[in-house]
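Peer 1: Can you build the whole structure from these sequences, using the hints too?
Listed below, chain by chain, are the residues.
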Amino acid sequence: MPDPILATPFPRRAGAALKDAFLQEALTIATTKFIDLRKEAFGALPEGDALRDRARAIKEATLQRLDYYLDQLADNVERLGGHVHWASTAAEAREIVLRLCRDRGVRTAVKSKSMATEEIHLNEALEHAGVTPIETDLGEYIIQLAHERPSHIIAPAIHKTKGQVAELFSRELKGQFAADPEVLTAVARRELRQKFLAADMGITGANFAVADTGTLVLVTNEGNGRMVTSLPRLHVAVMGMEKVIPSMTDLMVFLAILARSATGQKLSSYTTLVRGPRRPGELEGPEELHLILMDGGRVRQIAGTLREALYCLRCGACLNVCPVYRQIGGHAYGYTYPGPIGILLTAMLEGDRSVKDLAHASSLCGACKDVCPVRIDIPRMLIELREHLDRGRIAPWPERLVFRAARRLMQSPWLFRASARVGRVLQRPFLRGDRLRRLPLFFGKWTATRDLPPVAARTFSERWKELR
Amino acid sequence: MATRAEFLDRLRREMRRTQGLFPATPAARPRAPREAAEAVRRQLAERWPAALTRFQAEFERLAGVFHRVSALADVPGVLARIAAEKGVREVIGWDRAALGWDLAAALSPHGLSVFAAPPGGDDTDRESHLAVAARAPLGVTGADWALAETGTLILRSGPGRPRTTSLLPDTHVAVFGPGALLETLEQVGVMLEAHHADGRVMDAGGVINFITGPSRTADIELTLTRGVHGPKEVHVVFVDDCPSPP
Numbered sequence: 001m002p003d004p005i006l007a008t009p010f011p012r013r014a015g016a017a018l019k020d021a022f023l024q025e026a027l028t029i030a031t032t033k034f035i036d037l038r039k040e041a042f043g044a045l046p047e048g049d050a051l052r053d054r055a056r057a058i059k060e061a062t063l064q065r066l067d068y069y070l071d072q073l074a075d076n077v078e079r080l081g082g083h084v085h086w087a088s089t090a091a092e093a094r095e096i097v098l099r100l101c102r103d104r105g106v107r108t109a110v111k112s113k114s115m116a117t118e119e120i121h122l123n124e125a126l127e128h129a130g131v132t133p134i135e136t137d138l139g140e141y142i143i144q145l146a147h148e149r150p151s152h153i154i155a156p157a158i159h160k161t162k163g164q165v166a167e168l169f170s171r172e173l174k175g176q177f178a179a180d181p182e183v184l185t186a187v188a189r190r191e192l193r194q195k196f197l198a199a200d201m202g203i204t205g206a207n208f209a210v211a212d213t214g215t216l217v218l219v220t221n222e223g224n225g226r227m228v229t230s231l232p233r234l235h236v237a238v239m240g241m242e243k244v245i246p247s248m249t250d251l252m253v254f255l256a257i258l259a260r261s262a263t264g265q266k267l268s269s270y271t272t273l274v275r276g277p278r279r280p281g282e283l284e285g286p287e288e289l290h291l292i293l294m295d296g297g298r299v300r301q302i303a304g305t306l307r308e309a310l311y312c313l314r315c316g317a318c319l320n321v322c323p324v325y326r327q328i329g330g331h332a333y334g335y336t337y338p339g340p341i342g343i344l345l346t347a348m349l350e351g352d353r354s355v356k357d358l359a360h361a362s363s364l365c366g367a368c369k370d371v372c373p374v375r376i377d378i379p380r381m382l383i384e385l386r387e388h389l390d391r392g393r394i395a396p397w398p399e400r401l402v403f404r405a406a407r408r409l410m411q412s413p414w415l416f417r418a419s420a421r422v423g424r425v426l427q428r429p430f431l432r433g434d435r436l437r438r439l440p441l442f443f444g445k446w447t448a449t450r451d452l453p454p455v456a457a458r459t460f461s462e463r464w465k466e467l468r
Numbered sequence: 001m002a003t004r005a006e007f008l009d010r011l012r013r014e015m016r017r018t019q020g021l022f023p024a025t026p027a028a029r030p031r032a033p034r035e036a037a038e039a040v041r042r043q044l045a046e047r048w049p050a051a052l053t054r055f056q057a058e059f060e061r062l063a064g065v066f067h068r069v070s071a072l073a074d075v076p077g078v079l080a081r082i083a084a085e086k087g088v089r090e091v092i093g094w095d096r097a098a099l100g101w102d103l104a105a106a107l108s109p110h111g112l113s114v115f116a117a118p119p120g121g122d123d124t125d126r127e128s129h130l131a132v133a134a135r136a137p138l139g140v141t142g143a144d145w146a147l148a149e150t151g152t153l154i155l156r157s158g159p160g161r162p163r164t165t166s167l168l169p170d171t172h173v174a175v176f177g178p179g180a181l182l183e184t185l186e187q188v189g190v191m192l193e194a195h196h197a198d199g200r201v202m203d204a205g206g207v208i209n210f211i212t213g214p215s216r217t218a219d220i221e222l223t224l225t226r227g228v229h230g231p232k233e234v235h236v237v238f239v240d241d242c243p244s245p246p
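Quick note, the sequences are listed as chains A and B, same order.
If you're matching positions, the first sequence starts at 1 in this note's numbering and goes up one per residue.
If you're matching positions, the second sequence starts at 1 in this note's numbering and goes up one per residue.
No wet-lab data here; the hints were simulated from the structure.
By construction, the Cβ of each residue, glycine as well, lies at the ideal position given by its N, Cα and C atoms.
Check before you lean on any hint, since a few could be wrong.
What the hints assert, rightly or not - Distance ranges between label pairs, derived from CB positions:
1) A:Thr32 <-> B:Arg13: 43 to 51 Å
2) B:Gln19 <-> A:Lys445: 21 to 29 Å
3) B:Glu6 <-> A:Glu127: 25 to 33 Å
4) B:Glu35 <-> A:Asp103: 42 to 50 Å
Unchecked claim - Under the rule of at most 20 Å between Cα atoms (straight-line distance), these lysine to aspartate or glutamate pairs were calculated in the EDC-like manner:
5) B:Lys232 <-> B:Glu60
6) A:Lys369 <-> A:Asp49
7) B:Lys232 <-> B:Glu127
8) A:Lys356 <-> A:Glu384
9) A:Lys39 <-> B:Glu90
10) A:Lys39 <-> A:Asp20
11) A:Lys174 <-> A:Glu191
12) A:Lys33 <-> B:Glu221
13) B:Lys232 <-> A:Glu191
14) A:Lys195 <-> A:Asp53
15) A:Lys162 <-> A:Asp180
16) A:Lys162 <-> A:Glu191
17) A:Lys162 <-> B:Glu60
18) A:Lys195 <-> B:Glu60
19) A:Lys369 <-> A:Asp390
20) A:Lys369 <-> A:Glu124
21) B:Lys86 <-> A:Glu182
22) B:Lys232 <-> A:Glu182
23) A:Lys445 <-> A:Asp377
24) B:Lys86 <-> B:Glu186
25) A:Lys445 <-> A:Asp357
26) A:Lys445 <-> A:Asp390
27) A:Lys39 <-> B:Glu149
28) A:Lys356 <-> A:Glu399
29) B:Lys232 <-> A:Asp357
30) A:Lys195 <-> A:Glu124
31) A:Lys195 <-> A:Glu92
32) A:Lys195 <-> B:Glu221
Peer 2: Here's what the structure looks like:
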């Protein structure tokens, strides 16, 4: 199911975002605030660096025995009375949910925020099947009413003003609501409370799944994750297979850094540990619990270039610090996961071809790697991805030609020196002061957004001969 | 649809192609979880006053409202004051066995009507419970653990301890004593390892909730707003002389 936004090429999408003055302001305010909150939270945590190292080691250790932990998780979930489903593709994951809806006569499903269900475009599939999906995270609810896509992993509606939300609520919910976050939040509370109580199915993702105990872990701030796992008679959790962790001891390490990285909180308001469906004697909780473990492109990266991206906790910290994300926001990326990690996840889930342009939407400054709670080396993988695109002849031919020529030049000292002499002549008509500001042909794309330093009047290697 | 065997086989084929990125092990777990938990309890039996100070500071930073009384006999008065402040008369709460004291008996002299969760409910119980829980303005629970470094309440669900008592009402009040206090997330990890080491899987409830302040969102223009789906206010009544519930 391709997103209509992809009909427009990435450079045009990015260009449009850059011209959107409101978006620019909203992005600056939001990302700056998130950066400050994170910095403050880790500033007050002297053991933060050690915890990040441990978290990283746990992720790698889990991947090294992933078959064992998944097997153990499935055994334990089943022992507790839950059902486990295995989905190789997004389509299979959707079909499992739809079949459950059909078999159990589900009419409405309430959802807590889940990137995994966004990834498989579950809402569209449910609607087609006559099931009404209701997003209950306030940001996601706004996005759903507006028929839009989230623009940030943890703050899906940062591109909207309170005025726009008030207008949207007034129109869609038939009322007159003031442009006041307090008022609008109360409206959503009232609306969604009824939906929670009436829904047949609750759909969630999972931030973690503890193999040793069969526990699904949901981290939320609003309490909607608790509602959807407490009130409907069915609970379906959709989860990338890499979210499994070995033990409760490991979970504590991740909890200590996840919220701090995402929102600067010590812990999010609610961390919910779900162990199977309702127990005998319990008044609430689902009669049935279904866990869908998803591949969708993850398995082939176990030994692939993007293995390290499987560590990702989906905290959003790398989005906030990325100079590209901060300028263009989430929509311009065009896929479920935006930002630096989003480029890698898109390549993983949708294939290399989908990131032909996106792979270059990074300055490789390394800010993402610095803030990542599990220290994912995003720049390294972006470079390797670019190499793949070149080798796989996916990159456009002028780009491949330029890089091939550059490689040849740099491999031969003679050619390299000769090219400096030639370049010095060729650049003359384009020199403005001490900069190349506009180049002809496809080189013009480079100089459209930046200047190029010219070949020096005397290069270093020429001077070196005299200095010796 | 893939079967478990197919899925894991494919995964194993890929796993055989790599050694991984670097040598790594998961976090070291307590070898004897129950003994480790007992050791933590012994330490806290000495150190709880400092943990309480930290808990109060963190909890209040989250906009939590902290009360402290010396004995259980003083708790109904505090609850009645909170109810009066909110102008409400209906209270839902955990049952006697879960709390360690009788909420209904404690509050009826104050003119409040109490709906305690029936332990071991059938379908009729479920329906009547939900009808009440969905509109009750005030929910009273205990707390199995209280984590000082983050101001977090940790509640296990189970018979007589519904998971929504701390979720559906506008105001949630948790009553607990020194025995619940823990200092660090690491200690919580030890407690959870011990809890799961028990083996009596089906006796324990389906859910454990960590509650860190009221329900909150910042989804509209990053303006912090409380009470989006869960409680707008969370209160703690700390009881110095509180017999730990079973």
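Peer 1: Tell me, in ascending order, the numbers of any earlier hints that this structure violates.
Peer 2: Those not satisfied are hints 2, 7, 9, 10, 14, 17, 18, 19, 20, 23, 24, 29, 31, 32.
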